[in-house]
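S.K.: Using the hints, put the two standalone chains together into the complex.
Read top to bottom, the protein sequences are chains A and B. Just so you know, the first sequence maps onto residues 1 to 273 in my numbering. Just so you know, the second sequence maps onto residues 274 to 441 in my numbering.
Calculated from the structure, these hints are not laboratory results. As the structure is a prediction and not an experimental result, all values here were calculated from the model. All C-beta atoms, glycine included, are put in the ideal place defined by N, C-alpha and C. Heads up, some of the hints might be wrong.
In silico lysine to any residue, SDA-like type, Cα no more than 20 Å apart, as pairs [said to hold, decoys possible]:
no., chain 1, residue 1, chain 2, residue 2
1, A, 242, B, 416
2, A, 163, B, 411
3, B, 416, A, 115
4, A, 163, B, 423
Calculated from the model, a selection of chain A residues having no Cβ within reach of chain B, i.e. all distances over 12 Å [to be verified]:
no., residue
5, 28
6, 71
7, 158
8, 162
9, 168
10, 194
11, 229
Given next are the chains, with one letter for each unit.
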Amino acid sequence: MQQIINFVIRNKTFLLFLLLFSIALALTIQSHSYHRSKFINSANGLTGGVYGAVNSVDKYFDLEQENKILSEENKRLREQLFNSETTADSIVIDTSYSSGRYRVLVADVYKNSYSLTNNYLTINKGKKDSVKQDFGVITSKGIVGIIDNTSKNYATVLSILNKRSRINAKLKSSNHIGSLIWNGNSPEFAQLIDVSKFAPVKVGDTIVTGGQSAIFPKGIGIGKIESFETDISGDTYTIQVKLFNDMTNIGTIYILENLDKEEIKTLESSSDE
Amino acid sequence: MNNVVASNSIRFVVLLLVQVVLCNNVNFMGYINPYIYIIFIFLFPIRETRMVLLITSFLLGMLVDMFSDSGGIHAAAAVFLAYSRPVLLKSSFGMLYEHQTIKFSNTDLGSLITYVSFGTLIHHFVLFSLEVFNISSILLILKKTLFSSIFTIILSVLIVILFSRNKK
Numbered sequence: 001m002q003q004i005i006n007f008v009i010r011n012k013t014f015l016l017f018l019l020l021f022s023i024a025l026a027l028t029i030q031s032h033s034y035h036r037s038k039f040i041n042s043a044n045g046l047t048g049g050v051y052g053a054v055n056s057v058d059k060y061f062d063l064e065q066e067n068k069i070l071s072e073e074n075k076r077l078r079e080q081l082f083n084s085e086t087t088a089d090s091i092v093i094d095t096s097y098s099s100g101r102y103r104v105l106v107a108d109v110y111k112n113s114y115s116l117t118n119n120y121l122t123i124n125k126g127k128k129d130s131v132k133q134d135f136g137v138i139t140s141k142g143i144v145g146i147i148d149n150t151s152k153n154y155a156t157v158l159s160i161l162n163k164r165s166r167i168n169a170k171l172k173s174s175n176h177i178g179s180l181i182w183n184g185n186s187p188e189f190a191q192l193i194d195v196s197k198f199a200p201v202k203v204g205d206t207i208v209t210g211g212q213s214a215i216f217p218k219g220i221g222i223g224k225i226e227s228f229e230t231d232i233s234g235d236t237y238t239i240q241v242k243l244f245n246d247m248t249n250i251g252t253i254y255i256l257e258n259l260d261k262e263e264i265k266t267l268e269s270s271s272d273e
Numbered sequence: 274m275n276n277v278v279a280s281n282s283i284r285f286v287v288l289l290l291v292q293v294v295l296c297n298n299v300n301f302m303g304y305i306n307p308y309i310y311i312i313f314i315f316l317f318p319i320r321e322t323r324m325v326l327l328i329t330s331f332l333l334g335m336l337v338d339m340f341s342d343s344g345g346i347h348a349a350a351a352v353f354l355a356y357s358r359p360v361l362l363k364s365s366f367g368m369l370y371e372h373q374t375i376k377f378s379n380t381d382l383g384s385l386i387t388y389v390s391f392g393t394l395i396h397h398f399v400l401f402s403l404e405v406f407n408i409s410s411i412l413l414i415l416k417k418t419l420f421s422s423i424f425t426i427i428l429s430v431l432i433v434i435l436f437s438r439n440k441k
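If we strip away everything but chain B, and leave its shape as in the complex, we get (with noise of 0.2 Å):
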């Protein structure tokens, strides 16, 4: 049980610095950033329960829009995508999420790349929508949302694939 907890609280600061530090700097064709720091809702436990992840979610995006002095659109994102995360885990693991027996060590890749793809869309979405704040600007958005979202879903996938599979 500790084991997780610090496992997770390491994540936790560890993203976050790497998103603040190196990820927001990226722009790359002058306005497309990863938002890498998502991985950390992607991979929370899901024994734990809802209320938990949603209030570190917020957490976590409160904190990076402290860093980013974005309001609060990192917060409102990453609690949507919290909040929507068992949809996203029922519709890409299926049967593995209704036992509570999924390892993201040894999901097959498939399904951890539909996972990560959705719940990044919904994520962006949402962010960009705030950022922007203008429903007239629907194509900035859209545009933003797909190119920011390609980024971050390979760097994400790769990372949770180096990271957590050989701790086998």
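So here's chain A without its partners, still in its complex pose (with noise of 0.2 Å):
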């Protein structure tokens, strides 16, 4: 017993150095699987406010840029609205937000990160504005991703420019359908990939959500097709997707909550067993 004590004594500064090391490889173990509850995230009142203080000079310094994008919003929603009612005795449906599924949450970006592996956004709207995990993250021009963490008022957002990230996609011009991921290089890109090699895929078309999850409905833009190629097995096409948003300058993004989620988790529940 005397020598185990004298064992601590004597490395105590290694057993020290372990103790912490293990405890951070610990953390970044976990941060490396999937939602899994993080104990150390952005989302908390001392990050949040000190990010808001910078967020409230910084946005100034965008004003103009926020402006041109909220305009050109506008025109393309006035555009759809016109077009509708010329075609009055055909109903429109707008897929983007079909008949009240979706309730939609305005939040500004404290933080932005895209030059990481794993990338995360900070945003002010949280527990209080009945913000929860999973919901999703879009601007005017495309998907930013999906709502991580969440406390009393900001949450962080599991960005589309992250290796954990896995999205439902499809290409516009068909149903063909795979999985949006990211290769960790450029915060332009995304790649699609397990597309079937049947489906038409040519370059410069659109791709879009999927709808398969409960999280984003069908038909958000994410981007445009750069390039593609058959996977090593053959079966498959990999396409790397240019996006259409601007992942580095990200000012103000809208939150959607499905509000059928329960209904469909049930549904999806039951019919597993």
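M.R.: Here it is in structure tokens:
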């Protein structure tokens, strides 16, 4: 016993190092598994407060850009509105927000990263605004990511520029689906994998969300096909997608809540049994 | 004594804020960021016990992790650097360290650069290995380590010279 205590005292620095290093390693490994509630994240009062203070100054520099984005979006929405009036005899269903199944919230981005291999955004809406895990996050141009952790006033968003991110997507011209992932290289491009070899893939075609998960509605823009190749087995395409969103410059985002999610979940879990 | 505690606490907070507010958003060439918060570990008083250094480094790394949503990679790298600091000090300052008489404000520039460079390389290598977390991407790890290290070393040496030399 004496010897054990002596050993601990003699090597106390090394043991402390081992302890702290393994805690840090455990946190790192934990952060690599999808949607494990994390202990260390930027959705808390301290980090939110600091980022909020910086953002309150920072956002003035982007005002012009923000205005431009807003007026472009207004233009597009107006076009949709007027065009749907002229064809009043046929009912046009706006597939992007069909029949009020989605509740939309607006939030400011407090922190955005895109140079790491696992990127997150921090936004200024949280549990207080009933934002929960697995809500979709988009901008007027296309998708951004999925809500990951929430605190009272803030939430973190798992960016599509994250190796853990996997989003159901499809070709706009047909119904062939695939998974949108990120290889960690360029913030301009994401990769669409597992697309069937029968799909009519053409450079320049649009990729949109697939609507197979309850997170995003069908038909939200993701990007354009930049290039594609068949993978090693020859059965599927791997497509380079140039994102519509400039992920390095995101100021305001929309959070989408699927109001039917519970119903879909119950249905899916009951059919599993 | 109180003076040392106060100045180190201020350094802790200032470096943390500069790191998360400014340096994490540099993104030079798309992905190169300096990680200057490790200056805190470099300049930590030598007379203090290593336990204190390990714990404060861990806290600093953890806070940087919290701000950048990176799990525990900064904490791990900072603790690793803190643990290997005596070896670095001995190899770059030699006899001065044996006698516990290093003053970072008036050591010669060559030793300081060696000390900061090796420390930065060790820290960044651990950091990016954990960030990429894939041994088959070793080239990416080395590339990130090299470029970020150059950035960090230049900034760190400049900051150390600017802020400690005139306080003589």
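S.K.: Taking the hints in turn, state whether each one holds.
M.R.: Status of each hint after checking the structure:
The suggested pairing of residue 242(A) with residue 416(B) is violated, with an alpha-carbon distance near 24 Å, which exceeds 20 Å. Taken as a hint, the residue 163(A) and residue 411(B) pair is honoured in the structure, with Cα atoms around 17 Å apart against an allowance of 20 Å. A distance of roughly 14 Å separates the Cα atoms of residue 416(B) and residue 115(A); the hinted pair therefore holds under the 20 Å criterion. Between residue 163(A) and residue 423(B), the direct Cα distance comes to roughly 26 Å. Violation of the 20 Å bound is thereby established for this hinted pair.
For residue 28(A), the shortest C-beta to C-beta distance to chain B comes to about 4 Å, within the 12 Å cut-off, and the non-interface label is violated. With a minimum CB-CB distance of about 27 Å to chain B, residue 71(A) clears the 12 Å threshold, and the non-interface call stands. In this structure residue 158(A) is not separated from chain B by more than 12 Å, as the shortest Cβ-Cβ distance comes to only about 9 Å. Under the 12 Å C-beta cut-off, the non-interface status given to residue 162(A) relative to chain B is violated; the minimum distance is some 10 Å.
Distance check on residue 168(A): its Cβ is at least 24 Å (rounded) from any Cβ of chain B, clearing the 12 Å threshold; non-interface status holds. No Cβ of chain B approaches the Cβ of residue 194(A) within 12 Å, the least distance being about 20 Å, so the stated non-interface status holds. Listed as outside the interface, residue 229(A) is consistent with that label: its C-beta sits roughly 20 Å from the nearest C-beta of chain B, beyond the 12 Å cut-off.
When the structure is compared with the earlier hints, violations turn up for hints 1, 4, 5, 7, 8 and for no others.
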